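K.L.:
The primary structure of each chain is shown beneath.
There are 4 protein chains.
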Amino acid sequence: MVPRYARPAMTAIWEPEARYRIWFEIEAHATEKLGELGVVPESAATALWDWWKTNPKIDVEAIDAKEAILKHDVIAFLDWVAEQVGPEARFMHQGMTSSDVLDTTLAVQLARASDILLEDIDLLLAALKRRAEEHKYTPTIGRSHGIHAEPVTFGLKLAQAYAEFSRCRTRLEAARAEIATCAVSGAVGTFANIAPAVEEHVAERLGLAPEPISTQVIPRDRHAMFFATLGVIASSIERVAIEVRHLQRTEVLEAEEYFSPGQKGSSAMPHKRNPVLTENLTGLARVVRGAVTPAMENVALWHERDISHSSVERFIGPDATITLDFALARLTSVVDKLLVYPERMQKNLDRMGGLVHSQRVLLALTQAGLSRDDAYRLVQRNAMKVWESDGELSLLELLKADPEVSSALSASELEEKFDLDYHFKQVDRIFERVFG
Amino acid sequence: MVPRYARPAMTAIWEPEARYRIWFEIEAHATEKLGELGVVPESAATALWDWWKTNPKIDVEAIDAKEAILKHDVIAFLDWVAEQVGPEARFMHQGMTSSDVLDTTLAVQLARASDILLEDIDLLLAALKRRAEEHKYTPTIGRSHGIHAEPVTFGLKLAQAYAEFSRCRTRLEAARAEIATCAVSGAVGTFANIAPAVEEHVAERLGLAPEPISTQVIPRDRHAMFFATLGVIASSIERVAIEVRHLQRTEVLEAEEYFSPGQKGSSAMPHKRNPVLTENLTGLARVVRGAVTPAMENVALWHERDISHSSVERFIGPDATITLDFALARLTSVVDKLLVYPERMQKNLDRMGGLVHSQRVLLALTQAGLSRDDAYRLVQRNAMKVWESDGELSLLELLKADPEVSSALSASELEEKFDLDYHFKQVDRIFERVFG
Amino acid sequence: MVPRYARPAMTAIWEPEARYRIWFEIEAHATEKLGELGVVPESAATALWDWWKTNPKIDVEAIDAKEAILKHDVIAFLDWVAEQVGPEARFMHQGMTSSDVLDTTLAVQLARASDILLEDIDLLLAALKRRAEEHKYTPTIGRSHGIHAEPVTFGLKLAQAYAEFSRCRTRLEAARAEIATCAVSGAVGTFANIAPAVEEHVAERLGLAPEPISTQVIPRDRHAMFFATLGVIASSIERVAIEVRHLQRTEVLEAEEYFSPGQKGSSAMPHKRNPVLTENLTGLARVVRGAVTPAMENVALWHERDISHSSVERFIGPDATITLDFALARLTSVVDKLLVYPERMQKNLDRMGGLVHSQRVLLALTQAGLSRDDAYRLVQRNAMKVWESDGELSLLELLKADPEVSSALSASELEEKFDLDYHFKQVDRIFERVFG
Amino acid sequence: MVPRYARPAMTAIWEPEARYRIWFEIEAHATEKLGELGVVPESAATALWDWWKTNPKIDVEAIDAKEAILKHDVIAFLDWVAEQVGPEARFMHQGMTSSDVLDTTLAVQLARASDILLEDIDLLLAALKRRAEEHKYTPTIGRSHGIHAEPVTFGLKLAQAYAEFSRCRTRLEAARAEIATCAVSGAVGTFANIAPAVEEHVAERLGLAPEPISTQVIPRDRHAMFFATLGVIASSIERVAIEVRHLQRTEVLEAEEYFSPGQKGSSAMPHKRNPVLTENLTGLARVVRGAVTPAMENVALWHERDISHSSVERFIGPDATITLDFALARLTSVVDKLLVYPERMQKNLDRMGGLVHSQRVLLALTQAGLSRDDAYRLVQRNAMKVWESDGELSLLELLKADPEVSSALSASELEEKFDLDYHFKQVDRIFERVFG
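Residue numbers (the UniProt record's numbering), protein chains in the order written: chain R, 1 to 436; chain W, 1 to 436; chain Z, 1 to 436; chain Y, 1 to 436.
Honestly, the hints are just simulated from the structure, not real lab data. Given the structure is predicted, the values throughout are model-derived calculations rather than measurements. Note that CB positions come from ideal geometry on N, CA and C, so glycine has one too. Careful: at least some of the hints might be erroneous.
FRET-style restraints, in silico, Cβ to Cβ [said to hold, decoys possible]:
1) Z:D50 - W:A65: 44 to 52 angstroms
2) Y:E173 - Z:G207: 24 to 32 angstroms
3) Y:E42 - Z:L339: 28 to 36 angstroms
4) Z:S260 - R:S389: 44 to 52 angstroms
5) Y:P196 - R:E17: 35 to 43 angstroms
6) R:V60 - W:L118: 45 to 53 angstroms
7) W:T170 - R:R130: 33 to 41 angstroms
8) R:E36 - W:L420: 27 to 35 angstroms
9) Z:I69 - R:D115: 57 to 65 angstroms
Where chain R lies over chain W, by a calculated footprint (3+ residues, C-beta under 8 angstroms) [claimed, not checked]:
10) 139-147
11) 230-236
12) 239-248
13) 357-371
With the rest of the complex left out, here is chain R (with noise of 0.2 angstroms):
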């Protein structure tokens, strides 16, 4: 976790007292369940829980001090327990195991940091969908390989991104559902000492589902799947921010991060108004993916589990979670402030001539009777002039200029092919596919 690339939010779900505290509700529940079972009694769960409502305070530095001595970290957090609520807490952990605590634990982490992700992806989506109906039909011209093609809206590019947020919702949502399990099974996961009832009733309390079979720990596919959205929902956030990107390089300049007044770009250049943040989040996506293929490594647990996984999760579970959370928000904020400029996307979309028009003239000539190739050729020549001129030239005064080209097509019939309204007739039909 790097603290500039962390909310505070997120980052408390990671904290030890946000861990300890659903380790206690995880005890106390199947305590609780314990009690109704007969298994231990009932005043057990009561001392647990009239403990709780006092609110206390977990105090972090002593449990730690213990486990370094007990070299365990849930016995050092039970006996540690224990001493603030008396003789009552060693009917805890009864037939459990310390992976039934810390595998149901991350579940309530992971479904929480979902949440709020989730959160994130819903404003994201609410700010593209504003910023999309604000330039619905703002011109600009569609890139393909870096070169003009055709015209689209630039409200067209953020629908798209939209619809790519939408997909990655749906995807987040199924990934949460993976891994929101609960697994309180004991030693190897046989029940041997442990109804399954209580399983039950804590994943119901938590808002889990009981983990159909468990080997001591959660079957760690279910993380790899997790993981593995969290690096694809990052890599459509690098889609946007490398969007950005180009629109701000000097030559194109369509669209800009916001700019505060004072804020000051490069110590040596002034003028510079560089796409920090943009930048920042290409290289964020780079970090959230780089989660992806140590998680996936982590499923091949040895027999009913090895702890190989352990070390690897508490790197990525609040790296990959608290980065693609600060990315979430502030792509969010660039795409809300984004300063956008038509006049620009106009001006870029003119300076090749008409150029991209030239499929419309293609098809209109083949329509008109030409040969597939012929059309081809008599648009291409004509087209290869405009270019050469650096856009100079209007491919429109070419073209009817054009002997060939004008037997075929009228000046009248030429220039209703340069509309640019034209694209844009199904705008509004793509618009009710991505918004509804």
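Once you have looked at the hints, place chains W, Z and Y on chain R.
P.N.:
Just chains W, Z and Y, lined up with the frame of chain R:
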């Protein structure tokens, strides 16, 4: 694609002829709808389909020769089709762009590949279920950290794998839906020169969903999610493979890959039976996972599209699907024919002198009123003696002889704690959860 | 391996016949030394080499047919050779293990592949140097964050690439040395059944170093380092590819991939010249990098060896080397034939109204006694006017007219700060550093 | 960075104060040279160094507060220094760009980190050597595919690891040289506003090499190579960790991680001694490897530079070096204190009834005139009986009793083939190769 790790049905999907057949179908379906809409003569589609009904051979070499000259694959193909079909063919591809064909084709290929992979998983699930039922109550030692823990059954191990691959099946269905979309939206996805109805028609005929918003290309977050899912499935294969490799170790030898009587192992050590199939699967899992990051790097195409994704997909499209198909089939065969040695499992279970029952004794002592610490100390001091005897001493006998223990638990109470069936009382419940 | 991204010389290294030829040479060299040592009759090697001198065709199909029955590739090969050579062949492979042959063969293949790659880099370096010299003093704008910064020369851009690939060459030499080792050490690497002298002899004949300690296999950290190095080289290819793609953008257009007059671009937009070669290189870089993590996962083989690395290497051995060879050659061709447009570079340089010289003015103001903050403020307020005029206003003229500025710097002092050559005075020095 | 996997000396390198100290030194060295060159007053450097000699505390919070306002880290730092030193400080940073400071600082940090890692490897090598010498002739079974193969010594296993980490040391030295370069070349690397002599001076004072050609940034192929090398070293750590984990398996138990008498294992199973340190190392290896691909993705910065690499490096710079430092130290401790059980090794060696000697018998039969196939068949049929007896039968006795075998080899000849020392006759030679 490495031939020895490839099976014909999956490989066929990726061969040039299969690709060209899909190209034709897309073009013909589109021309059909364009005819209905009056954009082109209805006779155009008729001519195309009439030719198609003759079941023509696709002359891959001729098309490739054209591409070598034209340096454009789709134009080369259209030229070749036009030569076969005659002048009506000039109406093909009206208002479309190459990517409409290429991306929709990839969708068809990946969807077909998914169908094969889903069948593969079904066969694997069937094998896992059959063997799980067979060994539902075959006792074996559960191991955490590679160390004997408590008893499980071999059926539980297989049930865990069944549950994991059931999840993989669900994930793959979702991944299939991700990539099964059709784009026929023209140069930059605006439908400027082709009505959305054409896309909807082609999609319906090919069993795809229309892509809500494309930008010449189908967005690559879909493919990233697809290949990420294959990477997770590969990791689950690795998990089972590692389990078999462990079980076949000389010192463990609880199971073995099937070994045909005539088969030679090592050239140097004729007695050796090596788990080469599951070692191979371990490697193949790495190969499939190797596709995940490149697929994610493909997401951030520039503006409306660039072509950087294409070369990546030429590798990972065939490689990841063909390899995963092979690996799933190989794993199914391994599971299906796995030699399982229950006697050896029992022997290994017994070799620890009953240490695996220590947890039950610990619980019993606590329930008999000892503090957790005292109970732990009593069990540990006897357990250590057994451990150091390398299984020669019996924990049960030592405990009976320990006065501090015997004052808390009678001999018969202690004996009851060493009963194997105690551990299996929830096996049926777990099987119900997993197999329904 | 994807044929369209493969060149014959590199591909040949990985064909079965080439592999079998190396196998034979290893076996024959070993038999020769074993003869010298008196372990086998000297006639054995004589018989082998006599047959070899007849330049026999390797019957790959016959060997494969044997392997299908024997399920062991090396035994199949030895059987086939024995059929050709006669009874003397039974002395082959004495005391050796299959891995001695397989791993040493891989070493020969990777070393040969490295030699081709080194030649590829040399050709690339030559092209970069030639073009760098050609454009040593061609002014162009340096860009940070995609934003105009200060002038550089196009030669400097190419010199940077030259320096980067010089490093890549050094790295590849080191990587070649990593994998160019020979193991002929028997079943578990103890030389129990074969003298180290045999290994030393085979190594010397094949131009390899003896592996100091092998364990049936040559340790895979060597190969991990090799493929990691290829991944870095691929990333450097991507860097140059991205640069060309940027330069070819419609709005920038300072350079273009060579475009043959007859070549069609898009089927829909005949004016388009797309940087498809460098986009392709961007994708191929992802493919080569995809080999790095699997190669690293191959390192941790179990005990003295397992075979999990083998399937991985069947993919990444050919794929990574063939693809990198193709990519280096393609990049060389791109550099060699790159269309460079100095006039457009100058036009772009000028379009910012002189803003790129602001840093020099800033320094001059500081040296004239202004505080850093004041100097910054003065430059910034004029720079912002130029920026907002979209290059219509001239920074030089605005500064001359700004009384606070002109009180510190005279008109001629200001003019001197806008001299382009000022920026290039160290170009020669840098070229010396890079090209020696 | 996860505190529990961090050691203080490495962590200190990455703390803000350490970074700011390096910043100051770079600025002061540069100012010094600028003074010598007459660009700034010589008094400037004097003022800076005079202040530095007072060993001033770096007020990280004050600098951070400035950065929050100025949104520029280097300017914030320079402002703070100016406040401490007075007006002479305004000459700092003349002609430099922020990246000159930042990139050179990263070089210093990575070089210092490398020095610690090199020391770590030296300590690991010393531990490996000591234990290898100790167990130079401790017999143990060599295993391929997890299956007993032929005898090796435990010293050989450690010698292999020693050789592997010796290679890692060499690689790390090369990686250190890769990143230990200094850039002080100004805005886009042209030295337009600062003489190359300044760079050379700063480089020399900091123990770095001047970067031959920088473009505001030091090229990131250097860092990619650096982190790739860390990934390979991590993979070698994983290899040794996996070996220890295997050896500690209940059924194998040939070695154990040191287990202090007071340490608790599992909360549920007090007899368990789990190889948690090496499992942890397995996970940490995945973490370090996770840095490799992001570092490679950082190479292709746009034009002269973009800032996307920066956020990645804020994670992987500290994380990869701190984690690797911790992992190397942990591995050294594991090796140093490893509990080795020669008796158990012998017991395991013996449990296969002599099968591990079958290769020698096979060779002897061939040398006695049998065909390879016949020899193989004879050995295999007896070996299978031993195998199926689970080590109850003795291969030697069966061979003696097999008339086809005994007609080729006498009893004493057979007995000689079962001599363990035969396998160790080259151990000394191998040790010489490895340890020199």
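K.L.:
All the hints need checking, so say for each whether the structure fits it.
P.N.:
Taking the hints in turn, this is what the structure says about them:
1. Between D50 (chain Z) and A65 (chain W), the C-beta spacing of about 46 angstroms keeps the proposed range 44 to 52 angstroms intact.
2. Under the hint 24 to 32 angstroms, the C-beta atoms of E173 (chain Y) and G207 (chain Z), about 25 angstroms apart, fit the expected range.
3. Checked against the given bound of 28 to 36 angstroms, the beta carbons of E42 (chain Y) and L339 (chain Z), roughly 51 angstroms apart, lie outside it.
4. S260 (chain Z) and S389 (chain R) have their C-beta atoms about 21 angstroms apart, which leaves the hinted 44 to 52 angstroms range violated.
5. For P196 (chain Y) and E17 (chain R), the Cβ-Cβ distance of about 54 angstroms falls outside the hinted range of 35 to 43 angstroms, so the restraint is violated.
6. About 48 angstroms separates the C-beta atoms of V60 (chain R) and L118 (chain W), a value consistent with the hinted range of 45 to 53 angstroms.
7. At about 35 angstroms, the CB distance of T170 (chain W) to R130 (chain R) agrees with the hint of 33 to 41 angstroms.
8. Checked against the given bound of 27 to 35 angstroms, the beta carbons of E36 (chain R) and L420 (chain W), roughly 28 angstroms apart, stay inside it.
9. In this structure the hint that I69 (chain Z) and D115 (chain R) lie 57 to 65 angstroms apart at CB holds, the actual value being about 60 angstroms.
10. With 5 residues having a Cβ less than 8 angstroms from any Cβ of chain R, the stretch 139-147 of chain W passes the three-residue criterion, so the hint holds.
11. Look at the stretch 230-236 of chain W against chain R: 5 of its residues bring a Cβ nearer than 8 angstroms to a Cβ of that chain, three or more, so the hint holds.
12. By the rule of at least three residues with a Cβ nearer than 8 angstroms to a Cβ of chain R, the coverage given for the stretch 239-248 of chain W holds, with 5 such residues.
13. Coverage of the stretch 357-371 of chain W by chain R holds. Counting CB-CB distances below 8 angstroms, 5 residues qualify, and the rule asks for three or more.
In summary, the structure is inconsistent with hints 3, 4, 5 from the numbered list given earlier, while agreeing with the others.
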